[in-house]
Each structure stands twice: as C-alpha cells, then as structure tokens.
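Number of protein chains: 4
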Amino acid sequence: MNKRKIINDPVYGFITIPSDLLFDLVEHPYFQRLRRIKQLGMAEYVYPGALHTRFHHALGAMHLMGQALRTLEQKGNLIWEMECEAAQTAILLHDIGHGPFSHVLESTLLPGIAHEQLSLLLMKKLNHQLNGRLDMAIQMFEGTYPRRFFHQLISSQLDMDRMDYLNRDCFYTGVAEGAIGADRLIKMLDIHQDQLVMEEKGLLSIENFLNARRLMYWQVYLHKTSLCAEAMLTQIVRRARELTEQGTELFATPDLACFLKNRYTLQDFTEQSECLLAFTRLDDNDVWASVKVWAQHPDPVLATLCEMLLNRRLFKIQLFAEPPTEEVLLPLRKQLAENGIPEALMSFFLVEGQTTNAAYVTEGDPIRVKMKHGQVLDVAEASDLPTIKALSKIVRKYYVSWAKNVSLRA
Amino acid sequence: MNKRKIINDPVYGFITIPSDLLFDLVEHPYFQRLRRIKQLGMAEYVYPGALHTRFHHALGAMHLMGQALRTLEQKGNLIWEMECEAAQTAILLHDIGHGPFSHVLESTLLPGIAHEQLSLLLMKKLNHQLNGRLDMAIQMFEGTYPRRFFHQLISSQLDMDRMDYLNRDCFYTGVAEGAIGADRLIKMLDIHQDQLVMEEKGLLSIENFLNARRLMYWQVYLHKTSLCAEAMLTQIVRRARELTEQGTELFATPDLACFLKNRYTLQDFTEQSECLLAFTRLDDNDVWASVKVWAQHPDPVLATLCEMLLNRRLFKIQLFAEPPTEEVLLPLRKQLAENGIPEALMSFFLVEGQTTNAAYVTEGDPIRVKMKHGQVLDVAEASDLPTIKALSKIVRKYYVSWAKNVSLRA
Amino acid sequence: MNKRKIINDPVYGFITIPSDLLFDLVEHPYFQRLRRIKQLGMAEYVYPGALHTRFHHALGAMHLMGQALRTLEQKGNLIWEMECEAAQTAILLHDIGHGPFSHVLESTLLPGIAHEQLSLLLMKKLNHQLNGRLDMAIQMFEGTYPRRFFHQLISSQLDMDRMDYLNRDCFYTGVAEGAIGADRLIKMLDIHQDQLVMEEKGLLSIENFLNARRLMYWQVYLHKTSLCAEAMLTQIVRRARELTEQGTELFATPDLACFLKNRYTLQDFTEQSECLLAFTRLDDNDVWASVKVWAQHPDPVLATLCEMLLNRRLFKIQLFAEPPTEEVLLPLRKQLAENGIPEALMSFFLVEGQTTNAAYVTEGDPIRVKMKHGQVLDVAEASDLPTIKALSKIVRKYYVSWAKNVSLRA
Amino acid sequence: MNKRKIINDPVYGFITIPSDLLFDLVEHPYFQRLRRIKQLGMAEYVYPGALHTRFHHALGAMHLMGQALRTLEQKGNLIWEMECEAAQTAILLHDIGHGPFSHVLESTLLPGIAHEQLSLLLMKKLNHQLNGRLDMAIQMFEGTYPRRFFHQLISSQLDMDRMDYLNRDCFYTGVAEGAIGADRLIKMLDIHQDQLVMEEKGLLSIENFLNARRLMYWQVYLHKTSLCAEAMLTQIVRRARELTEQGTELFATPDLACFLKNRYTLQDFTEQSECLLAFTRLDDNDVWASVKVWAQHPDPVLATLCEMLLNRRLFKIQLFAEPPTEEVLLPLRKQLAENGIPEALMSFFLVEGQTTNAAYVTEGDPIRVKMKHGQVLDVAEASDLPTIKALSKIVRKYYVSWAKNVSLRA
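Line order of the protein sequences matches chains A, B, C and D.
Counting from 1, one number per residue, gives the positions in the first sequence under the UniProt record's numbering.
Counting from 1, one number per residue, gives the positions in the second sequence under the UniProt record's numbering.
Counting from 1, one number per residue, gives the positions in the third sequence under the UniProt record's numbering.
Counting from 1, one number per residue, gives the positions in the fourth sequence under the UniProt record's numbering.
Since the hints were derived computationally from the structure, they do not count as laboratory data.
Possibly wrong hints are sitting among the right ones.
[To be verified] Covered by chain D, according to a simulated footprint, are these stretches of chain C (three or more residues, beta-carbon under 8 angstroms): (1) 53-63; (2) 131-142; (3) 163-173; (4) 252-259; (5) 299-312.
[Stated by the list, open to error] Straight line, CA to CA, 25 angstroms or less: simulated DSS-like cross-link-like pairs of lysine-lysine: (6) K397/C with K316/C; (7) K201/C with K370/C; (8) K397/D with K389/A; (9) K316/C with K334/C; (10) K201/A with K393/D; (11) K316/B with K370/C; (12) K224/D with K372/A; (13) K187/D with K75/D; (14) K372/A with K404/D; (15) K370/B with K316/C; (16) K316/B with K316/C; (17) K201/A with K404/A; (18) K201/B with K393/C; (19) K75/B with K187/B; (20) K201/D with K5/B; (21) K404/B with K201/C; (22) K316/B with K397/B; (23) K389/A with K334/A; (24) K201/A with K224/D.
Only a predicted model underlies this, so the values are computations on that prediction, with no experimental measurement involved.
Idealized CB from N, CA, C, for every residue including glycine.
Model the full structure from these sequences, guided by the hints.
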C-alpha cells in the first residue's frame with residue numbers, strides 16, 4: 001500500500017506525507033482525534049471561516065518542517081534522513097495533547113496539567129506502541145537531542161509551529177494583513193554552531209513576522225468577542241463541574257462526564273487507563289453536545305449561560321491598562337444584582353482576567369541573526385530599525401467581562 | 001445599536017449585513033444553528049480544510065445577491081429597496097431546513113421530508129414571529145412573486161446559491177481549478193421581460209461555470225472517499241434507529257434520540273412542538289458525540305461501523321456505468337461472509353447506490369442568454385461551441401461500497 | 001559567487017535557479033532581452049495587468065520542469081542530474097527566438113521564419129559559446145534524445161510551457177477562471193515506457209486543463225479587442241516596410257530599421273552577423289518608440305494607424321463561422337471609401353483573417369493516460385465523460401476588422 | 001455608446017469606470033500615455049513581475065476612492081454625486097505628470113520640476129479642453145476645496161494613492177507580507193468636522209499599514225539592486241545630456257532628444273507648445289530604445305554604462321548610517337582608477353546618495369483617530385502600543401554605488 005499520500009491544503013496547495021512512519025502516525029486514532037478540535041476555539045464567533053483544526057495545523061507544520069530542512073541541506077548542512085523524519089514526527093505530534101477548544105478549557109477541564117505535558121505523555125505512549133521508533137523525535141521535542149536547532153525548529157520564537165499557525169489562522173480568518181511570508185523566512189534560515197540562525201538579509205522579514213504575530217494577537221486571538229465567548233464557556237464548564245460535584249444530575253457525554261467528575265493529575269493519566277482512554281476520545285463535539293442539553297437544565301446559572309452562548313448573546317467586555325478598580329466593578333455588580341443575580345453566583349456572570357502579549361521575548365532563547373561579517377546577534381541587537389526593540393515590550397491588558405441585561409431562566 | 005455589522009470572510013473580504021431585519025435573522029437561534037452544520041458533510045475526510053458551514057454559505061449567498069441586485073440596478077432595472085431585502089432574506093434562509101451533515105442524513109434521519117420543505121416551514125414560523133415581514137421573501141422563495149427573476153436568483157441553474165457554494169467549496173477544499181469567476185458572471189446578468197438573462201458576451205463564463213460545477217461534483221461532492229464515509233455514516237444511523245426501535249438501550253443526545261425514536265412526517269413538524277424544537281437544536285455535534293459513544297456499544301454492527309469511521313478505516317468503493325451485476329456483488333458478499341458477517345447484517349457492510357450529475361439540465365427553466373441582436377436563447381442554443389451541448393448529457397454512475405477486512409467487534 | 005539565486009515570483013512564490021549553468025544562461029544578454037518582450041503582445045489593451053514578459057514565463061516553465069522531474073523521481077523513475085539540468089535548460093531557452101510582441105509581428109518582421117527555428121539557432125550559438133554544454137538540452141528540444149518524455153515535458157499537449165503560460169496569463173490578466181491546477185497535474189505525471197503519462201485519477205484535471213486552455217483562447221488570446229490591436233500593429237509594420245522599400249525616409253531604431261530594410265532568410269541569420277546581432281537586441285521598445293514617431297509621419301496611412309493605435313481608437317471587428325462574403329465586405333469598403341480611403345490603401349484599414357483553436361488535437365502525439373489496470377490510452381479514449389471528445393473539435397472563426405469613422409491625417 | 005466600462009484587474013477583480021467624464025479622461029492620450037510608464041522604474045530588475053504601470057495604478061486608486069466614498073456615505077455623511085466624480089477625477093489624474101521611469105529620471109530629465117507640478121499643469125490643460133468640468137477636481141487636488149477630507153483622500157498619509165500602490169506593488173512583486181488590508185482600512189474611515197478620521201477599532205490596521213509601508217520601502221522601493229540600477233540609469237541620462245550639450249552626435253527618439261537638448265522650466269511647459277507636446281508623448285520606450293542604441297556609441301562612458309545596464313551587470317552598493325567617509329571612498333576610487341577610469345569620469349561610476357524613510361510623519365497633517373468617547377487624536381497619541389511611536393523615527397541611510405571590475409569599452 002502506498003503511504004506517500006498527498007493531502008489538499010488550501011494554504012500550501014499540497015502536503016505530502018513523506019514516510020510510512022509519518023503516515024501511520026497520521027492514521028492513528030490519537031492523531032485523527034485532532035480533526036475534531038478546532039485550532040482557534042471560539043474565534044469562529046468573530047471569524048466564521050476560522051473552523052480549521054489542530055489536525056490540519058499539525059500537517060501544515062510538518063510540511064513547513066520539510067521545507068526548512070531541505071533549505072538547510074541546500075546550504076550545505078548535513079541532515080540525516082532519520083533526523084528529518086524525527087523532526088517531522090515531533091512537530092506533527094506537538095499538539096497531540098490538546099483537549100477540546102484547545103487552550104480555552106485547559107484550566108477548567110484539566111486544572112494543573114499543561115497540554116505540552118500531555119503531548120509528551122501521548123508521544124511516549126505511541127513510542128511504546130511503535131517499539132521506540134519515536135525516541136529521537138521525543139529527544140528533539142524535549143530539547144535533549146544534541147543538535148540544538150532541531151528543537152528550535154519545533155519550539156522557539158521562530159519555529160514551524162508559529163509559522164504554520166500564523167499562516168493558517170490568517171488564511172481562515174480572512175485577516176489578510178497577518179501574512180508572514182513563511183516562504184521567505186524559511187529560505188533565509190541557516191545553522192551556525194548547531195543553532196538555528198536567520199541570515200542578515202532576513203531582518204526585515206523577522207520584523208514583519210513579529211509585527212504580524214502581534215497583529216494576530218489583538219485582531220484574532222485576543223479579540224474582545226472571542227474573550228467574551230471563551231469566558232462564558234469557561235464559566236459553563238466550571239458550573240457543570242460544580243453541579244456534578246454537588247451530586248446534581250447532569251447530562252454529559254461519557255468522556256466529558258469523566259472529566260467533570262474527576263480532577264485528574266498527570267500521574268492519573270499514566271496509572272488509570274480509563275482516564276487516558278477518555279482523554280484520547282474527548283473533543284469539541286462532547287462539549288457542544290453537552291452545552292446544548294444544558295441549555296434546558298433546571299439550574300438557572302448553567303441554563304442561562306448555555307442558552308446565551310448558543311444564541312450568541314455574549315457578555316460585554318472592557319479592557320484596562322491596570323487591574324480594574326472597585327470603581328469599575330461596583331456598578332457592574334450592582335447592575336447584575338438588579339437583574340437578580342445573587343452574590344453567590346455573581347462570579348459566573350462577572351469575570352475578571354488579563355491578557356499579555358510580547359511579540360518578542362528577549363529573555364531565554366532569542367532569535368539569532370547571522371550578520372554578513374560572521375557574528376551572530378540577538379535580533380534585537382542586529383537591527384538598527386527602531387521598531388524591533390519596541391516589539392519586545394510586554395503589553396498587558398486587564399479585562400472585565402460581564403453579562404448585560406441577563407435574566408436567569410426560571 | 002448598530003446592526004450594519006461587517007463580517008470577515010476569506011472568500012469575499014467582507015460581508016456587510018445590509019439591514020436591521022437581516023441582522024435579526026442572522027442572530028436568530030434558527031440561523032445560528034447553521035454554524036454547527038458543515039456544508040460538505042464528510043468531505044473533510046478528503047479535504048481537511050473543508051469545514052465551512054451552512055451559516056457561512058448562507059451569508060455568502062446573501063452577499064452575492066446584494067451584488068447581483070446592484071448590477072441589475074446599474075443596468076437600469078428598477079428594484080425596490082423592499083424587494084432587495086426580501087431577495088436577500090430568501091437566500092439567507094434558503095438552507096435553514098438542513099439537518100446534520102446536510103444532505104447525508106436526510107434520508108435516514110428524516111425519511112420522506114426534503115430540506116426545502118423544512119426551510120419553507122421554518123421561514124413561515126419566522127414570518128409569524130416577525131408579523132409577516134417575510135411575506136415577500138417567502139413569495140420569492142416559492143416562486144409566486146410576479147417578478148420571476150427574483151426566484152431565479154434564489155433558485156435556478158444560475159442562482160446565487162450555486163455561485164456561493166462553488167466559490168466557497170473550491171476555496172476551502174483547495175481545489176483551485178474549480179474557480180467560477182462569480183464576479184464576472186454577476187457583472188453580466190441582466191433582466192429581460194422579468195426573466196434573468198446573461199449577456200451574450202458571458203457565454204464563455206457560463207460554460208466555464210458549468211464545467212467548474214461538474215469538476216467539483218466528481219472531484220469533491222462525489223469523491224470516492226466521501227461517498228464511502230457517507231455510506232458508512234448512513235448505515236450507522238440506520239443501525240442506531242433499528243436498535244432503538246428494537247428497544248435496545250442506546251446513548252444519544254436528547255435531540256438526536258428524538259429522531260431515532262420517531263419517524264416524523266412533515267405534518268408533525270407543525271403539530272408537535274417538541275419535534276420542531278428538537279430539529280432546531282439538532283446539529284453535527286449530536287451525531288459525532290453519539291457516534292463516539294456508539295463505538296463502545298455492545299452491538300457489534302454499530303460499534304464496528306462507528307469505530308471504523310472515527311479512525312478513518314473506510315469502506316472501499318467501485319464505480320460502474322451500469323448497475324453492478326451479481327458477478328461483482330457475489331465475491332464481495334463471499335468475502336464479507338468469510339469475515340464473519342452474517343447474511344442478515346450484510347446490508348450494513350455492503351452498500352449499493354448511484355450518483356448522477358448533469359452539469360446543465362435542458363428541461364425546465366433554462367439559462368437564458370440575451371444575444372446582441374435582441375433575441376433570448378437557451379444557452380445550449382446560444383453557443384456554437386461544441387462542449388456546451390455535451391455538458392447537458394446526464395452522467396449516471398453506480399457504485400458498490402463495502403468493508404474490506406472487517407472483523408466484527410466482540 | 002553564489003549562483004543559486006532565488007527570484008520572487010507572485011505566481012509560485014519563489015523560483016530557485018538550480019545550477020551555475022542555468023544561472024549563466026539567465027544572465028546571458030540573449031536571455032535578458034526577453035525581459036523586454038511581453039508575453040501577450042497587445043492583450044494589455046484589454047487586460048492592463050498583462051504586462052508580463054517572456055523572461056518571466058521562461059523562468060516559470062523552468063521552475064515547473066524542476067517540480068515535474070522531482071515528482072517523476074519520487075515515483076521511482078531514475079533521472080540523472082545532468083538530464084535534469086538539460087531539461088531545465090531546454091525549457092528555459094525554448095522561447096529565446098521570439099521577436100518583439102511575440103507572435104504578433106512574426107509574419108511581418110520575419111516572414112517565413114518561425115520563432116522555434118530562431119530559438120534553436122540561438123541555442124546552438126550559445127552551445128558553441130559554452131563548448132557543447134547544451135548538447136543534451138538541444139537533443140531534448142529537438143526530440144532526438146532517446147528518453148522521449150523529456151521532449152514531451154518541453155513540447156507536447158501537456159508540457160511545462162503550457163502549464164506556465166496558462167497559469168501566468170490567468171494570474172496577470174485577472175481571469176481567475178482560467179486556473180489550471182498545475183500542482184495537481186504535475187503530481188499526477190508518470191512515465192511509462194519512456195513516454196509521459198498521466199495517472200487515471202488525473203483525468204478530471206486534464207479535462208479541466210483543456211477547458212481552461214480553451215477559455216483563455218477566447219477570453220484572452222483571441223479576444224476581439226486584442227485581435228483588432230494586433231491587426232493594426234501588423235498593418236503599421238507592413239506599411240513601414242513598404243515605405244522603406246519605396247525609399248521613403250522613415251525614423252526607426254537602428255535594429256528595427258535593419259528588419260524593415262531587409263527580408264532576411266533563416267540562412268542570413270547564420271551567415272550575416274549583423275542580422276543575428278540586430279535580432280538579439282530587438283525588442284518591444286524598438287517598435288513602440290518607432291510607432292510613436294511614425295504618428296507624426298507625412299504618410300497619412302502610417303500616421304493615421306499609429307495615432308489610432310497609440311490613443312486606443314481601435315478597429316472594429318466582426319466574427320463569422322464562414323469566410324466573410326461580399327455581402328459583408330462591400331458595405332465596409334463603401335464606408336471606408338466614403339471616409340476617403342482610396343482603393344489602393346483599403347487593405348490597411350480593412351483586414352481579413354481567421355483564428356482557429358482545438359483545445360485538444362487527436363492527431364500526432366496525444367495526451368496519454370495510464371489506467372488503473374495498466375493499459376495506456378489516449379485521453380480522448382480514457383474518459384467516459386462526454387465533453388472530452390467535444391474538446392477536440394476544431395473551432396475556426398473568420399473575422400473582418402476595419403477602421404470605423406477613420407479620416408486620414410493630412 | 002456605453003461608457004460604463006468594466007476593466008479586469010487582478011488586484012481588485014473588476015474596476016468599473018463610473019461616469020462618462022471619467023471614461024473620456026481614461027481614453028484621453030494624456031492618460032493613455034501612462035500605459036507606457038512603469039510604476040516601479042527599475043524594480044523589475046529584482047522583481048521580474050513588477051511591470052505594472054501608472055495607468056493601472058491610477059485606475060486602482062480611482063476604484064478605492066469610489067469604495068471609500070461609498071463607505072463614508074453609508075455612515076451618514078452627505079456626499080454629492082458631483083463631489084464623488086471630482087474626487088475620482090482628481091485621484092485618476094494625480095500622477096499624470098510623471099515622466100519615464102516615474103521618479104528615477106525626474107532630476108535628470110526635468111531638473112527643477114516636480115511631477116506634481118506637471119500633473120496640475122496637465123489637469124488644467126484638460127480642464128480647458130473640457131470647459132471647466134475639472135474645476136472641482138482641481139480644487140480638491142490643490143487642497144482649496146472647503147471640505148478638507150476630499151484632499152486627504154487624494155493626498156495624505158492615509159490616502160487612496162498609497163493604499164493602491166502598496167496593494168498593487170505587493171501583488172506584482174510577490175512580496176505577500178506587504179499586504180495592507182485596504183478593505184478593512186477603508187471600512188473604518190469616517191469624517192469628523194470635515195476631516196478624514198479612522199475609527200478607534202482601526203488602530204491596529206493603521207499600525208499594520210505603516211509597518212507594511214516601511215517593509216515595502218526597504219524590501220522593494222529602496223532595494224539595493226534597484227538603487228544600483230537607478231543610479232546607473234541616472235548616470236546614463238546625465239552623460240547623454242552632457243554629450244548632447246557638447247555637440248556630440250547622439251541617437252535619440254525625437255521626444256527624448258527634446259529633453260536632452262533643452263533644460264525646460266515649468267514656464268516653458270505653458271509657453272512652448274513643443275515642450276508640452278513632447279512631454280505628453282514621452283515614455284519608458286523612448287529611454288530603453290535610446291539606451292540600447294547608446295550601448296554601441298563611440299563614447300566609452302555612455303556605451304559602457306548602457307551595455308552594463310542592459311545585460312544586468314550592475315553596480316555594487318554599500319549602505320551606511322553616516323555619510324561615507326574618505327576611508328570608504330578612497331579605495332573605491334583607487335580601484336576604479338586602476339580599472340582605467342580617469343578622475344574626470346569617475347563620478348559616472350561612483351555615485352553617492354542617501355535615502356530616507358519615515359513610515360509616519362508627525363509634523364504636518366497627521367492620521368486622525370476618532371476615539372470611542374468622541375475625541376480625535378493623532379494616531380501616535382491614540383495608541384498605547386509601543387511600536388506606533390517607533391515608526392515615526394526617520395531612518396536615513398547613505399550609500400555609495402560603484403562599478404566593480406569595470407573596463408571602459410574602446
């Protein structure tokens with residue numbers, strides 16, 4: 001059977017699955033599950049085209065990894081066939097630990113567990129099934145593989161993950177201004193002392209990449225309407241768990257029920273087979289199917305929130321440079337109280353949060369630029385353009401999101 | 001509150017909601033439900049980007065309707081503001097009666113009821129809620145409005161429905177060759193004696209449109225892999241209903257359960273409020289969430305089919321110019337029997353069907369072309385190009401789809 | 001010096017020049033001249049974006065050749081590095097013998113000489129300069145290289161020349177419907193007994209390719225306005241040559257003058273170094289610069305035609321299925337006579353011609369399709385779709401193009 | 001005759017010419033001349049697709065103006081039909097005074113005359129021919145029309161000129177990262193006290209617009225290779241003029257000769273009909289046709305420079321933050337001297353220059369943002385993002401460009 005499948009992708013034209021191992025991983029139920037997890041969570045409420053999945057993103061990142069490695073080879077860097085497959089494996093699987101709605105429900109469904117930890121755990125599980133064929137991929141993913149640039153291609157400020165998701169998110173949202181020129185960036189990658197570097201003539205492209213990333217943050221990822229919808233969904237799941245823990249009868253798909261009833265630790269994933277099984281079946285459908293039923297639930301908080309979310313009657317939101325003061329919060333609480341929300345339930349209808357975004361982080365692993373005369377500099381040093389430094393300032397915003405004109409369902 | 005919302009659309013850039021009425025319809029739960037119904041059913045199994053929804057398609061068709069009407073006006077045809085809104089309303093709501101997976105489950109979930117009938121029923125329901133403000137839209141939809149071209153823009157061989165779905169499906173699948181040039185087609189529309197006509201210089205564009213449509217049929221809508229996945233999903237729902245009717249305990253979301261337990265008639269939708277309510281909540285999530293649970297069901301047929309579909313172990317398929325003979329079927333039945341499928345269950349694993357596709361239908365309402373010298377001809381007569389006639393030949397294909405190497409789950 | 005240059009191309013993103021030899025050819029003055037010869041002659045009068053050049057097209061075709069050869073290799077066909085370079089060289093140089101305005105002026109400036117003959121002559125000249133390094137490329141171009149598929153990739157009904165020009169012309173004209181899906185076509189190429197074949201699953205794509213090609217013919221290449229402008233330019237050059245031969249003083253750039261004064265044979269190109277030199281410097285600028293001066297020339301025919309062309313006061317045109325009869329021509333001649341055009345000059349203002357276009361030619365080298373069960377068929381036999389045969393019908397059209405309301409400049 | 005022509009444009013799909021007056025202006029020889037003047041001068045040497053013309057740009061800017069005015073109307077601003085036509089006229093004609101190679105040859109061919117002055121002069125000429133129908137357009141162009149926003153749409157830091165050229169240049173060069181999202185920007189324009197303002201929610205889009213503009217400056221407009229080619233062409237024309245003034249016989253097209261022989265003042269354009277006539281016929285073809293002949297001229301400087309430019313043997317370039325010191329220049333001069341360039345001719349082969357680019361200029365007319373709470377701020381004040389201020393820093397670079405390995409032709 002021919003496993004060199006070609007997959008249509010409106011973003012890159014075609015994606016070729018380059019080896020039998022990668023084909024088998026794509027076909028594995030763990031990976032197929034990603035077909036049912038949207039990349040951008042609730043962003044579809046603002047951008048109705050943004051329905052693409054983690055599945056598609058992972059394939060795209062694998063594709064870009066192939067292109068990057070080919071470029072590096074053409075510049076005279078020796079890369080073994082096996083390294084190539086390992087790097088593509090690692091990037092293919094990097095998001096395999098994502099739960100429903102990607103980041104949105106991480107804190108409520110799986111408190112205390114990062115999706116990266118689950119990705120690693122599932123990779124190891126797969127490695128076991130495949131008799132150690134993912135050893136090198138796991139090393140690269142974890143950053144223990146000696147040739148450092150592989151890890152940097154998988155996870156750094158200029159990795160194939162970001163390149164694909166920016167490209168793809170900008171395509172599916174229709175925010176054409178977010179275009180990053182992945183082709184150009186990749187053509188200018190090189191290796192210097194086992195570190196990933198960018199050629200000096202790529203400086204403008206890096207800067208554009210950082211700008212585009214920031215644009216996408218504010219225009220899409222942290223769009224006010226998305227934040228509201230996500231806040232609502234988070235409160236819904238929080239309430240559902242609360243009710244479950246209180247012993248209230250509550251419809252849920254069995255796999256979702258599993259995570260509402262239990263607060264699993266990372267260890268449980270290794271030790272309780274049911275926990276892992278449930279997770280590898282859980283996806284966006286479980287949440288939507290349950291939310292739809294909950295809209296008829298006797299609990300007024302759950303029913304109201306679900307009904308509002310389903311019919312797009314969203315919370316309002318306000319952003320602040322400083323944490324919101326009582327001056328801001330008091331009138332909102334008063335309003336909610338007037339609408340009949342008792343103090344004890346207020347936190348489901350008035351949510352505080354913060355978002356932060358540094359387009360470029362100067363601490364830790366920088367983006368390295370190889371100057372024409374040989375030295376390698378942090379991009380913030382390499383550029384004489386004034387903006388590149390401005391981009392590394394962290395912008396933090398605080399928000400309050402609340403239900404306006406809410407009335408609890410009887 | 002400003003209801004002239006602007007919606008990002010990667011296909012057209014921006015879609016403007018042109019009036020308060022249209023905004024209210026878009027916000028209505030009936031319409032918001034379309035957010036959760038994919039336009040192309042199982043085609044995502046071949047084209048992972050094809051996740052766009054009926055919601056987005058309906059907005060797109062409304063957008064093209066606006067453009068078409070503006071073009072007609074610029075050519076000196078008088079169109080009232082109210083007609084404009086009615087035409088946009090009708091096209092916005094034309095698919096509102098679609099159930100989960102669009103066409104795929106029509107025959108199993110709602111046997112005997114066409115989605116157009118449900119669309120009309122829901123439009124009338126909305127009209128009632130809105131005190132008759134949809135009267136004209138409904139007339140246009142039904143074809144009773146005197147100025148015939150409005151109905152033709154909503155439903156004919158050159159309507160805004162097809163223009164949007166071809167455009168959109170080709171965008172999201174990545175099948176770039178399916179581009180139809182909607183802009184050019186629309187710019188060449190005109191009205192002649194209250195009928196929609198195309199200017200003679202648009203002949204090539206019509207031909208290209210028909211060709212593109214046919215390409216999309218074979219490349220996407222009737223793609224072998226899609227047909228297999230759809231056949232499987234159909235058998236799954238058929239089995240689930242059978243088990244339900246036999247009294248077997250079966251998980252299902254409440255709304256889906258409603259349609260598994262009952263065989264509603266169109267009349268029931270008017271008379272039983274629960275039936276209508278359930279339908280207006282039912283979407284793809286109900287099906288996926290249930291299919292995932294069914295994969296663990298004790299019934300080996302249901303469990304096997306669900307597990308196969310979820311993990312993309314799909315049926316095989318073969319196409320024929322004639323209905324498949326026993327010569328074809330016998331070996332397949334034998335194979336299935338050897339794999340342990342008893343005769344009584346064979347029909348769940350060996351499915352016969354047919355597909356048909358005429359790019360252009362010469363009977364009924366033709367595409368009219370207004371020649372330079374004034375007369376109006378059927379496009380098949382207007383063109384001296386040899387292909388335009390070839391396109392009106394109906395191509396019918398028969399297929400057999402079956403499970404290869406299946407083994408029933410214990 | 002690094003010769004692996006990367007060139008920006010809005011059509012394909014980036015084009016990489018894959019070897020030093022190819023780089024040197026690109027930099028050669030013979031090839032650089034193509035920068036100044038537009039691909040589509042006068043089509044810019046209809047499609048103002050269609051200003052792309054033979055230079056860009058040749059680079060694009062070289063790029064697609066690289067992709068095709070890589071695909072063929074991945075399918076297990078052995079292709080030597082040297083063959084790869086030769087095939088890319090041949091396609092890069094295939095149009096190097098084109099004169100100004102590509103096809104338009106071939107018959108008037110270089111009567112009796114086909115541009116393919118000049119391409120071959122210039123390739124041999126380059127081969128001489130490069131000590132025989134183009135031997136294999138020339139064999140492939142001429143069709144004498146044993147492995148036949150190389151020639152078919154360079155020149156056949158499914159060659160990289162057509163794939164690039166259709167792609168490119170459709171991009172720059174904005175006729176989006178002409179998209180051919182070159183990616184998909186190339187991915188489905190294979191070799192069978194040293195012949196280029198298409199996999200069976202590519203049938204739809206071939207059909208779409210032929211349809212798109214035909215669309216582009218009528219929509220762009222044979223667009224009425226283009227035909228008019230080309231007819232005018234042809235008459236201008238014919239008149240300029242006539243005047244020159246009559247001894248009338250006439251401004252011209254020296255290289256153009258060379259071709260107005262002499263009627264060179266192919267042999268002259270080999271034997272008269274001035275002839276070859278002049279040709280390798282001649283481009284669109286010589287023609288435009290001269291036409292602009294001629295608009296002030298005392299000869300009323302020349303001046304009138306030039307002034308009309310420059311200011312876009314174009315001839316009218318009418319197309320016919322049969323050669324135009326006297327019934328058609330007589331009134332036109334009468335009209336022109338009334339406008340003061342004497343009989344002797346009538347042929348400059350009333351031009352007859354014919355155009356012909358078969359999307360697929362069944363004689364000669366067919367497009368071969370390798371069916372699933374192994375046999376190789378002519379595409380016209382391989383497809384059971386009715387249109388594919390219709391496409392091989394030759395459509396011939398006759399036209400008359402004439403100056404309406406002309407008045408000769410004093 | 002129907003003058004509401006529709007023009008294909010790969011950038012916007014279709015451009016409609018909205019009125020008879022605008023159609024007549026497009027057809028006027030003054031405007032048709034722009035078909036033969038490339039928008040980006042020598043940038044095609046780096047970006048072979050960048051062959052688009054001032055003609056196409058002007059049509060595109062007219063198109064965007066139409067969209068902007070429609071948006072402003074939809075927001076409740078009253079705009080008269082006549083104002084609409086005047087604004088579109090002004091933007092259509094804003095570049096009509098450009099000479100060959102746009103900015104490149106301004107200083108050598110027409111020293112002391114800015115193209116804006118010639119645009120105005122030609123507009124007034126046209127206005128005279130059209131009996132004053134351009135009065136309002138000229139007021140808007142000059143900034144004397146009372147409703148200030150019209151002028152701002154024609155010429156300001158957020159005008160339709162920039163929006164079109166950034167869009168168009170990014171499309172034709174293939175520098176996809178330069179996308180500005182003109183649609184989104186235009187949708188967020190509004191008017192406040194007769195000034196053009198941007199809605200607050202458009203802040204990110206403005207910032208992206210300024211970033212994209214800066215990217216295009218360094219990546220395209222001030223690309224090193226472009227600068228070199230432009231420096232060479234400038235020296236060629238300087239030399240040609242010098243030789244002409246010295247009485248050396250020199251081929252040139254008559255219209256170019258006119259500008260080599262004379263140093264016209266702006267006044268001469270009004271008083272000497274021959275000067276104006278020659279200018280309205282002069283285009284890129286005159287220059288290329290002459291340069292090609294000059295490559296054979298006995299003058300070694302002219303011949304060498306022309307031959308180098310034609311065959312793409314370009315100058316080298318080096319950029320500096322400060323004006324280049326003798327330390328830099330001396331070795332270059334020495335090198336050139338060793339290659340046989342005498343001191344007196346050195347300035348033709350060693351060119352110094354500077355480029356400057358502020359993405360946003362805070363002096364003069366700012367970009368105004370209308371905040372949610374009503375006040376109108378300069379964009380640099382409105383944004384709390386750190387980059388927006390960085391963008392207003394002027395970046396000035398100095399360069400030296402010189403011929404490497406040159407040898408004067410005998």
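Hints, verified against the model:
no.: 1; hint: 53-63; verdict: holds (count 4)
no.: 2; hint: 131-142; verdict: violated (count 0)
no.: 3; hint: 163-173; verdict: holds (count 3)
no.: 4; hint: 252-259; verdict: holds (count 3)
no.: 5; hint: 299-312; verdict: holds (count 3)
no.: 6; hint: K397/C with K316/C; verdict: holds (16 angstroms)
no.: 7; hint: K201/C with K370/C; verdict: holds (9 angstroms)
no.: 8; hint: K397/D with K389/A; verdict: holds (19 angstroms)
no.: 9; hint: K316/C with K334/C; verdict: holds (15 angstroms)
no.: 10; hint: K201/A with K393/D; verdict: holds (21 angstroms)
no.: 11; hint: K316/B with K370/C; verdict: holds (21 angstroms)
no.: 12; hint: K224/D with K372/A; verdict: holds (15 angstroms)
no.: 13; hint: K187/D with K75/D; verdict: holds (10 angstroms)
no.: 14; hint: K372/A with K404/D; verdict: holds (19 angstroms)
no.: 15; hint: K370/B with K316/C; verdict: holds (21 angstroms)
no.: 16; hint: K316/B with K316/C; verdict: violated (58 angstroms)
no.: 17; hint: K201/A with K404/A; verdict: violated (51 angstroms)
no.: 18; hint: K201/B with K393/C; verdict: holds (22 angstroms)
no.: 19; hint: K75/B with K187/B; verdict: holds (10 angstroms)
no.: 20; hint: K201/D with K5/B; verdict: holds (14 angstroms)
no.: 21; hint: K404/B with K201/C; verdict: holds (21 angstroms)
no.: 22; hint: K316/B with K397/B; verdict: holds (16 angstroms)
no.: 23; hint: K389/A with K334/A; verdict: violated (43 angstroms)
no.: 24; hint: K201/A with K224/D; verdict: holds (11 angstroms)
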